[in-house]
Every structure is written in structure tokens, then in C-alpha cells.
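Colleague: Sequence lines, in order, name chains A and V.
This note's numbering applies: residue 1 is where the first sequence begins, and numbers increase by one.
This note's numbering applies: residue 1 is where the second sequence begins, and numbers increase by one.
FYI, nobody ran anything at the bench for these hints, they're computed from the structure.
Treat the hints with caution; some may be incorrect.
As the list claims (entries may be wrong) - With a straight-line Cα cutoff of 27 Å, these simulated DSSO-like cross-link-like pairs (lysine-lysine) come out:
id : chain 1 : residue 1 : chain 2 : residue 2
1  : V       : K185      : A       : K93
2  : A       : K339      : A       : K246
3  : V       : K185      : A       : K47
4  : A       : K2        : V       : K161
5  : A       : K339      : A       : K8
6  : V       : K184      : A       : K2
7  : A       : K71       : A       : K90
8  : A       : K93       : V       : K161
9  : V       : K185      : A       : K246
10 : A       : K47       : A       : K71
11 : A       : K93       : A       : K47
12 : A       : K166      : V       : K185
13 : A       : K423      : A       : K166
14 : A       : K166      : V       : K184
15 : A       : K246      : A       : K2
16 : A       : K8        : V       : K184
17 : A       : K8        : A       : K47
18 : A       : K8        : A       : K423
19 : V       : K161      : A       : K166
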Amino acid sequence: MKRNIIEKILDAHVIRKDEAAGDVGILTIDFMLLHEVTSSQAFSLLKERGIPLFDRTRLAATLDHSIPTAKNRLTIVDDAARLQVAALRKNCKEFGVTLFDFDSGYQGIVHVIGPELGLTQPGMTIVCGDSHTSTHGAFGALAFGIGTSEVGHVMATGALLQATPKTMKVAFEGTFQPGVTPKDAILKLIAQIGISGANGHIIEYCGSAVRSMSMEERMTICNMSIECGARAGLIAPDEVTFAFLKGRPYAPSDSRWDEALSFWRGLVSDEGASYDQEITIDVTELTPMVTWGINPEQAMSVHGTVPVVDSLPATHRTVARQALSYTGLAEGAEIRGLKVEWAFIGSCTNGRIEDLRAAAEVLRGRRVHPDVTLYVVPGSEQVMTQAEREGLRAIFEEAGAQFRMPGCSMCLGMNDDKVPAGKRCISTSNRNFIGRQGAGSITHLASPITVAASAVAGCIVPWEDF
Amino acid sequence: MRAFTSITSMAAPLPLKDVDTDMIIPAQHLTSISREGFGAHLFERLRTTMPSLFINQARYSDAQIVIADANFGCGSSREHAVWALLGAGIRVVIAPSFADIFASNSSKNGLLLVTLEPNVSADLLREATESNLSMTVDLDSQSVMTSDGRSWSFAYDPFRKHCLLRGLDDMDYLRAHLAMISAKKAELEPYSFFRVGTPNR
Chain A
1 MKRNIIEKIL DAHVIRKDEA AGDVGILTID FMLLHEVTSS QAFSLLKERG IPLFDRTRLA
61 ATLDHSIPTA KNRLTIVDDA ARLQVAALRK NCKEFGVTLF DFDSGYQGIV HVIGPELGLT
121 QPGMTIVCGD SHTSTHGAFG ALAFGIGTSE VGHVMATGAL LQATPKTMKV AFEGTFQPGV
181 TPKDAILKLI AQIGISGANG HIIEYCGSAV RSMSMEERMT ICNMSIECGA RAGLIAPDEV
241 TFAFLKGRPY APSDSRWDEA LSFWRGLVSD EGASYDQEIT IDVTELTPMV TWGINPEQAM
301 SVHGTVPVVD SLPATHRTVA RQALSYTGLA EGAEIRGLKV EWAFIGSCTN GRIEDLRAAA
361 EVLRGRRVHP DVTLYVVPGS EQVMTQAERE GLRAIFEEAG AQFRMPGCSM CLGMNDDKVP
421 AGKRCISTSN RNFIGRQGAG SITHLASPIT VAASAVAGCI VPWEDF
Chain V
1 MRAFTSITSM AAPLPLKDVD TDMIIPAQHL TSISREGFGA HLFERLRTTM PSLFINQARY
61 SDAQIVIADA NFGCGSSREH AVWALLGAGI RVVIAPSFAD IFASNSSKNG LLLVTLEPNV
121 SADLLREATE SNLSMTVDLD SQSVMTSDGR SWSFAYDPFR KHCLLRGLDD MDYLRAHLAM
181 ISAKKAELEP YSFFRVGTPN R
């Protein structure tokens, strides 16, 4: 029986002995990341019921969602956020869970620090109480977001109950044109199959364009799998993956490196393996993408015009009208030239060193438009240090951008970093839902290159305009 | 987990597709470390932008059933979305489809998600908007029946049904299988290359 990589990882981790459970099986979990927002109630549950942790060496925690990104971040003004952060510190201490806290050198967004530390490895099952856990799939791991009840299950038993998912193969073929990035490719996929196009599926990304991507770029692709409904998205590991991992703190020890490599090299889909759905996208013709509406499927080429509602499928018109009313765009209008007041470069989607390098390349020797506030928020303390070492911080600051401390920041409007009501932000994050970046804020998702270029222009522009 | 058997209630309409978890409960409320108190903020952003929202209409104040359009619950994995619905007294959501993580979270908390054919769901949504639609949702018989006697059946995973009818949560099931889980972990041990807290370098 030919199997794809998704089936291989599932087969290795699923226990199927209970007829009564039918399609639902016990999936053993190799590693879980914790953050302050979705772990507290799970720790409470364990305490209430007197249940110990199954294996604390399979857990790692950090602070990312509700923390400030200002320089003096140690003082958290918001009462609830301060209590939440204190609760995580207390729980980690009480249960003996490793916490990558402020100034540990490793604090950052969960999906940035896992790979950086070498904790994310091929063939593993990885979960976190966060839907962008799919990011870790870039290493050939089966990684997905779970709710807080399930966080508790994994804490207590190292496993959770899962129904068998369907599989989807997405091939990105061809070569990117200058100024076009994997962020544009994943926005294109979401626009094409829709926000629920991969519901019930796990995606394997493959194809020549994927093979030539760096690990950072692969993480951007896998990160947004959830935006088309897929709980997980992964990429079979290859030499690029192994080179990224080698030498990282938790990567296999030198004595076990060859053993790890021989296991990892087997993690590929069998030739001729089948999938429930298959899609191919040629990236050669792709142009930079930007969203125009209130969910990530409402994306278009930056050179294009906003859709005319009646030209859309009937099932999409209500949401499209709601979107245009919220974003204040006119049907048929060009999106190029649309004024923005805010710009955000960061998040688990595009807050890695390569993203900062790409943005800095655009901003070098230029000034952010006087009407625009640009936040550059590194995804982790390691990214921040690296950006400083490479002189990127100086480029951002000379351009008039705010280079801030690591965290989720302006991606989700639950910390101090919010886009004010009625203001328009071009953002490298992952969701443009109504009020996502703050009540009443308007979001346009794009790549770091497009965001940097637009921050300079004061309006949405393609990179070639420079 | 709270068991679910049967509910008879007025149905409240939410005529939106792709209702995301940010709409259900905005992130600004997620700093709470409790499972309580989210109901007061259910659909907070829609309350102001959508005057016709059922929460803004007194006649739906006792509704325990919500009927929505496709792909309900998309977006973030926040279980707070389920806690907010339950906290506001909602026990059933009917829609043509649901997002995966939201569906999983619902099944862990006793919120019943009923998937009906798009045309049936759309008709019921219209009726709930235009008139007072009262219905009984029964999990054991997997049926939705309106007060005037029309009925539809819905699919539901047999294992999940067993658990939901009795209020059994996954924790007890998983803990009962700990020996089996440990055996599986031992089998996977040769493929594991780190212990958190003890870096390899």
C-alpha cells in the first residue's frame, strides 16, 4: 500500500484498538508548545483533578500573545494580561515546565522559537493551543492547533483523540518573479480554493517552487494552511531542512545525527501515493497579492481591481458586500494607490530573519511616509539579536520605523499594539477578519516586501514601483 | 463535560457565512484565565456593526439554538469561542458546515453542532429570521424537528455521540488508556532526539 507522508506519520502515532471509538483514534503527541493565552485553564483543570503531567520534557512554554512589545515590556499595564503572564510563570514553575521567558535569549512567538531551538523536527506530532501551529509542518512534522481542553489532555496523557483526516496535495511549480514571495503563493492558494477549501484535510505542499524555498519561506507557506481550513500543512524534509536543524540546541546530538538523518530521509510520500484532492499552482505567473476584504480568501493581485460583487459566485456575494462596506473599498476600483496609515511587519507568518532582511532591503536609504506608522516586530529574541547584528535594526530606525521587542504584537489586537478604529493597516500577518488588529481597524494582508514598499509610498504599491 | 440529550427552543438566525472566532469572541477578551465570563462578549463586534444581530433583538433572548451559514467557527483555535456561546446560553449551532478546530472544541464542551444540507439550513435560517421558529434538536435520534412537525436527520460521529449523551470527556477515556499510550511512546522512543530542559548542545 503506497502511503503519503501524512499517512506515514499518522500510522506511526495512532493507537487503534478500540472498535467502539470508530473513526476516532488516540493520537500520541511528541511535543507541545504552550503560551500564556491557551494554557492557564488547562493547568487549572489538572490541579482541580489532581492529575500530574504525563511528561514535562515534552513541553516548552513561552510568552507571546498578550505581552507588550515596547522596550520597557517588563511592566505590563493591563491587569488581566499581567495576571495571565504571571499565571504561566507560576504554572511552569509548579509543574516543572521549561519556560523561555523574557531575556532568556529564546523568548518569542511559539512558532518562531520551536524551529529556532531545533525542537521542531521531521516526523514528529506537534500541537499547541494556537491555530498557526501548522507552521512547524515546514519540517515534515504533523503539527496542528488544538483547543484548551485538548491542551489539558496532552498535558495529562501525552495524547489526544483525533478522527482520521483527509489529505490534499498542493504543488507549487515554477520560479518566483522578483518581488513575488511564498506569502503571495499561499494567499493565491487561499483565494483559489477558499477559506474553507481544505476543511477536514491535511495538506502536503510539494513541487519545484517549494523545493527551492528556504525553511523560513516554507514556514510562511505552512503557517497559513489554517486560512483555507486545513488544520495542518506539511513539507517533506530534505537537505535544506537538515542544514537548518544542524547545530541547533535541541537538534539531535552529534552522536545521533546520522541516525536521525536516516530516519528523516524516509519521511517522503511514496511514488504514486494518493490524496483525496490534488491542486497545482504555477508561481511563475504570480504577482504580489494583497487582501481586499474581511477574510484571507478575499485576496487579489496588487495590480488588479476589487471584484464586482455580482461577478462573484452567489454564495460569496453577502460576505463580499459586508467586506466592501467594512473596508470602504469600491467595486471595480484599483487597490494600488489606496492610502494606508499603519504598516506591520512581524507575526508567526512573517516575523523571521529572512522577512526582516527582505523588508530592510526595500527600506534601506528610504523614509517611511510621514502619514504612516510602521512597526517592525521580530518574531523572537534570537531574530531581534540577529537583526541587530546584521544592521537591519539601524536600517529600520533610520527609515523611521519602530523596531520593537518580540511578540505577536499587532497581529491579533490582544496586547497594547492595536491599529486604531477606522485606520487602515497593511500587514504581513495572517488574518484580516473584522477588527482583528483592533476594534474598527482595517487590514490588508501582504508580503514583507509589499508592506515595506507601501509604508514608504503611504499607499498600497507593488514593489516594482521602486 | 455537560451532557447533551435534547433541547426545545426558539432558533436565532445568524445569516453570515464564514463566521470566524474573532467575531464570536474578540481577542481582547482572551486575557482572562477563567472559563467563565465570555458569554457577555459573544459577537461583541457584530453587536455594533450589525443592528439586526439576534442578540440585539429581545425576541431571541431565550434562544438556545443558532442557525448560521457555511463554515461557522473558522479562524483561531480559541476554545473561548465555544465558552462564549455556551456562556450566552447557546447549546446548538446549525449550519451547512463547520471549521475543524471549532468542531473539535465544541465536542469537548457539550455544544452540539448540527450539519444540515445547505438548502435545508438556508430555509430554516430564513424562517428563523422572518418568523418565530421553534424546534427540538434531539441527539439520541439525531433529528431536528420544527414545532409544526417537519423533521430532518443529521449525521453525528457514533463515538462522539456516546460521549456527549453521557457527558463523558476525552480526559477520562485517554486516562483509561494510559498503559497503551505509554507502550506506543516506548515504541517511538528511538525516533526521539531531545528532552526539553536538557539541550543537546
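Colleague: So which hints don't hold here, by number, going up?
Modeller: Hints 2, 4, 5, 8, 10, 13, 15, 17 and 18 contradicted; others consistent.
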